[in-house]
Structure formats: structure tokens, C-alpha cells
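Asks: These protein sequence lines map, in sequence, to chains A and B. So in our numbering, the last spot in the first sequence is 496, and the numbers never skip. So in our numbering, the last spot in the second sequence is 496, and the numbers never skip.
Treat each hint with caution, since some may be false.
The list makes no distinction among identical chains, and a pair is therefore deemed to hold if it is satisfied within one copy or across any two copies.
[To be verified] The calculated DSSO-like cross-link candidates involving lysine-lysine, where the alpha carbons are at most 30 angstroms apart (straight line), are:
#1 K250 / K488
#2 K488 / K378
#3 K294 / K485
#4 K250 / K364
#5 K378 / K267
#6 K447 / K267
#7 K345 / K488
#8 K364 / K485
#9 K267 / K485
#10 K447 / K208
#11 K447 / K294
Hints are computed from structural coordinates only; laboratory data are not their basis.
Number of protein chains: 2
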Amino acid sequence: MVELLFKRLVIIGIGHIGASIARTLQTVPGTVETLVIADTSPAHLARAKELGLGTEYFADPSGAVKGADGVILCTPVGSFATIAEAIAPHLMKGCILSDVGSTKQSVWRDVSPFVPEGVQFVPAHPLAGTEFSGPDAGLPDLFKGRWCLLTPAENADAAAVQKIEALWAALGARTAKMTTAHHDRVVAIVSHLPHLIAFTICGTADDLADEMREEVLQFAASGFRDFTRIAASDPVMWRDTFLNNKDALLEMFSRFSEDAQAMARAVRWGDTGYIEDKINRSRKIRKSLIDIKQA
Amino acid sequence: MVELLFKRLVIIGIGHIGASIARTLQTVPGTVETLVIADTSPAHLARAKELGLGTEYFADPSGAVKGADGVILCTPVGSFATIAEAIAPHLMKGCILSDVGSTKQSVWRDVSPFVPEGVQFVPAHPLAGTEFSGPDAGLPDLFKGRWCLLTPAENADAAAVQKIEALWAALGARTAKMTTAHHDRVVAIVSHLPHLIAFTICGTADDLADEMREEVLQFAASGFRDFTRIAASDPVMWRDTFLNNKDALLEMFSRFSEDAQAMARAVRWGDTGYIEDKINRSRKIRKSLIDIKQA
């Protein structure tokens with residue numbers, strides 16, 4: 202039942218997501234003939250080789266993409282413009298260029314100007330990931346049942362879009378298509394804002410721990426522990442994500458701040474009805490997430 | 202090695218925590234001779250009986266506490282004053298009264314005025330709990346390795362405090378003593394504020410989902426899913442917790458808001474150094490939590 206999708210697929214950046222794609226492809230042999238791994242970090246590249254994640258290994262992305270019919274950018278989005286410019290002259294006609302970046306307007310802005318005639322650019326974003334990073338964090342079941350959002354241009358080549366959809370289906374994900382702007386607002390609220398909040402509250406708690414002499418962390422209860430799990434994620438990837446989805450993230454932060462202030466005000470004035478309503482609503486949201494199997 | 206701690210121990214309120222105490226006591230037989238369960242909810246009491254959580258069952262807490270040498274309040278903290286007033290005349294001399302409430306200044310304020318001469322009041326708060334509630338949510342390993350914070354008065358009876366410490370040790374928890382004020386600030390940051398934030402962001406997302414026609418929940422990524430897990434907790438318990446730890450919670454909310462605004466400002470102005478510092482610091486906190494085995 203396995204369909205050959207790419208004869209020569211290149212993963213640029215063998216971190217958590219790149220390595221998870223490589224690991225998952227090993228579970229569906231025949232989907233990709235030759236898997237090429239490129240990473241400018243000598244340590245990551247050597248480790249990927251040790252782990253046997255690919256067929257060929259390149260330190261230089263430009264060398265790696267030669268003759269490839271598929272290329273996936275898996276580095277932090279802040280590096281996309283530089284990489285796109287460097288690899289563009291070496292992409293062969295008919296190649297499909299894709300990525301896994303979590304901000305799609307910025308990816309379109311940074312990559313599309315360099316895409317040569319005859320190369321199809323199909324941006325994608327798998328909604329999956331843990332707090333771990335690097336080639337050792339590759340998981341063969343990371344994408345199973347998760348969504349991968351595609352944001353192709355309106356005039357995108359249908360066959361190229363279908364191929365990227367088929368690749369993600371082979372990796373176990375469900376796919377959906379939307380505009381880059383819509384994508385960026387959705388992920389701002391479901392992913393980027395929660396991370397910004399988690400990073401923040403860890404710092405707030407740590408400041409307090411200094412004042413209260415270490416007891417905050419010692420007694421970390423379940424609420425806080427869940428926040429620190431989120432907050433353990435890769436700094437460069439998240440810095441790039443925040444900066445490249447600034448407008449949507451700040452809009453969501455502003456909405457959240459208004460709502461949080463309203464909740465704090467209800468606590469101050471003892472507005473039990475308001476507080477109970479909000480908590481009950483959260484429970485309903487949790488329930489609907491379980492119903493649609495996202496929890 | 203099991204020591205008889207209580208001949209007749211009464212659990213008032215057979216919800217998630219009360220039922221977990223009952224379930225755990227069954228794993229250390231001999232610690233309590235007779236376990237009495239009291240709950241004013243006929244459904245909860247009937248279910249506790251079906252599950253075989255105790256030895257005797259009472260709808261009326263006043264009847265339940267007669268002849269008991271130990272009583273633990275396991276209802277939401279908002280009900281403590283009423284229950285304390287009702288049971289006080291029926292407590293026998295030498296009885297130790299304790300609780301599991303998550304706000305300790307309010308518990309002291311609400312309960313201690315009713316504690317009769319000869320009865321020892323030793324407030325306690327196990328830092329444990331899931332998002333589930335009711336008698337069916339009783340877990341025999343909920344307290345294993347977790348902290349239980351005791352906030353006895355300065356002049357508390359040492360033997361009574363030791364007995365409550367021994368009870369929590371038998372239940373698998375580690376214990377620590379602190380003042381009620383210190384306790385309330387610690388839990389405000391590690392537990393109450395994270396819950397307030399989680400309840401809020403679920404509502405913010407749901408409002409947006411209405412605008413964006415349901416796609417927010419459908420694509421809930423890992424960040425948001427963790428928040429909804431926290432947000433699925435019991436509404437009455439959390440309403441009471443917020444209102445009874447108002448001052449500490451609002452202080453922590455204010456600190457968090459300042460820090461979150463600073464983070465948003467760094468995103469707006471592209472202050473990469475600030476953002477990376479905060480994320481790196483969060484990672485360190487996570488690491489230290491893992492080191493002290495709280496993660």
C-alpha cells in the first residue's frame with residue numbers, strides 16, 4: 202500500500218521535527234527512496250549519522266538539495282530567508298519545496314521571493330512537538346493523528362499540494378488547508394500564547410523563589426509543573442516563532458490580558474457567578490477536546 | 202510496621218481528595234481502625250458505599266464525628282465555617298481536627314473560632330490532585346512522594362501535629378510545616394495562578410473560536426491541550442479557593458501581569474536578548490524541578 206512519493210527527499214535541519222520525520226519515514230519504507238539530511242551543526246549531523254536517520258548527510262544545504270525532488274525546511278523560521286536564498290539556485294525543476302515552520306505569513310514572506318520558476322513551494326506546519334529538541338528527540342509516532350496545516354498559495358500547483366498532503370498522511374497526520382493569515386491567528390492562540398504565558402510564569406515564580414528562599418520550586422504543585430513542561434522548549438525556535446508571528450500573538454495576548462483582568466476583578470469583588478461561569482466553560486472546552494480526540 | 206494512628210477517623214466530603222485518602226488507607230490496613238465517611242450529597246454517599254470506601258457512612262457530619270479521635274474536612278473551603286460550627290459541639294476531648302483545604306489563612310479564620318477546648322486543630326494541605334472529581338476519582342497513589350503542607354499554630358500540641366504528620370507519611374506524602382501566610386503565597390504562585398490563567402485562556406480561545414468558526418479547538422496543539430487539562434478541574438472547589446486566597450492570588454497575578462507585559466513588549470520591539478533570556482531561564486527551572494523530582 203506504500204506509494205513512492207519522493208525519489209530524493211532532503212530534510213534541512215535535523216532537530217526534533219526533522220528527526221521525527223526521518224524516524225517516521227523508517228516505519229513506512231518505500232515512501233522515500235533516498236533520505237538526505239543536511240545540518241550546519243557538525244554535532245547534530247554527526248549524531249544523525251550515528252542514529253542512522255538518513256541515507257546521505259551534508260553540512261551544506263546547497264549541496265544537499267542537488268537533484269532532489271523534495272526539500273523540507275526544518276530549522277527555526279528565523280533562518281528560512283538565508284537558507285532559501287542559498288539553496289534556490291541549486292533546486293532542480295519539478296522540485297517541491299516545503300517546510301514545518303510554525304509561522305506561515307513570515308515563511309511566505311521570507312521564502313517565496315527566492316523560489317525559482319518550475320519549483321513548487323507548499324508551506325506546511327505539523328501541530329506536533331514535545332519540549333525536547335535535537336536529533337535524539339526524533340519520535341516515530343509524533344505526528345500520529347495530529348493535524349498538519351498546509352498554506353499553499355491560491356494558484357499553487359495541485360499535484361504538488363497533493364504530494365505534500367500524501368507525505369503527511371504517510372507520516373500519520375491529518376491535513377487541512379487554510380490561508381497563511383488564518384493559520385497564524387489559530388496557532389497564536391492554541392500554541393504561541395500558551396508558550397509565552399508558560400515562559401513568563403516560570404520567571405515570575407523564580408523571582409518569588411529568590412525572595413521566599415527556594416520554597417516555590419520545592420512545592421511546585423500540579424498546575425505549575427504542567428507549565429514548566431511547556432516552558433522547557435527550545436529557545437531559538439520559540440524566539441523566532443514569537444518574532445515572526447508578532448501581530449497575531451500580540452492580538453491574542455491583548456485578548457487574554459483583558460479576560461485575565463476581568464477574572465482578577467471578579468476574584469477581588471467576590472463575583473462568584475462570573476468565576477463559576479468561566480470555570481464551567483473551561484470544563485466544556487476540555488470535554489469537547491476529548492470528544493474530538495485532541496486531548 | 203503499620204502503626205494504629207486513629208481508632209475512628211472521619212472524612213467529611215468524599216470527593217477526589219477524600220476518596221483518595223480512603224483508597225490509600227486501604228493499602229495500609231491497621232493505620233485506621235474505623236473509617237467513617239460523611240457527605241451531605243446522597244449521590245456521593247451512596248457511591249462511596251458502593252465503592253466500599255469506608256466502614257460507616259453518615260449523611261450528617263455532626264452524627265459522624267461522635268466518638269471520633271480524628272476528623273478531616275475534605276469539602277471545598279467555602280463550606281468550612283458552616284461545617285466547623287455544626288460539628289464542634291459533637292467533637293470529643295482529645296480529637297484531632299484537620300483538613301485538606303488549599304487556602305490556609307481562610308481555614309484558620311473560619312474553623313479555629315469553633316474548635317472546642319481539648320480538641321486540637323492541625324490544618325494540612327496535600328499538594329496533589331488531578332482534574333477529576335467525585336468519589337470515583339479516588340486514587341490509591343495520589344499522594345505518593347508529594348508534599349503535604351501543615352500550618353499548625355505556634356502553640357499547637359506537638360503530639361497532635363506529629364499524628365497528622367504520621368498520617369500523611371502513611372499516605373505516602375512528605376510533610377513540611379510553615380505559617381498560614383507563607384503557605385498561601387506559595388500555593389498562589391504554584392497552583393492558584395496557573396489555574397486562573399488556564400481557566401482564562403480557555404475562554405479567550407473559545408470566544409475566538411466563535412469568531413473563526415470552530416477551528417481553534419479542532420487544531421488545539423500541545424500547548425493549549427495542557428492548559429485545558431488543568432482547566433477541567435472542579436468549579437466549586439476552585440471558586441472557593443480563589444475567593445479564600447484573594448490577597449495572595451491578586452498579588453501573584455499582578456506580578457505575572459507585569460512580567461507578561463514586559464514579554465509582550467519585547468516581542469513587539471524585537472528584543473531577542475530579553476526573549477531568549479526568559480526562555481532559557483524557564484528551561485533551567487524545569488531542569489531544577491526534574492532534579493528535585495517534582496516533574
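Asks: What are the numbers of the hints that this structure violates, sorted from low to high?
Replies: 3, 6, 8, 9, 10 and 11
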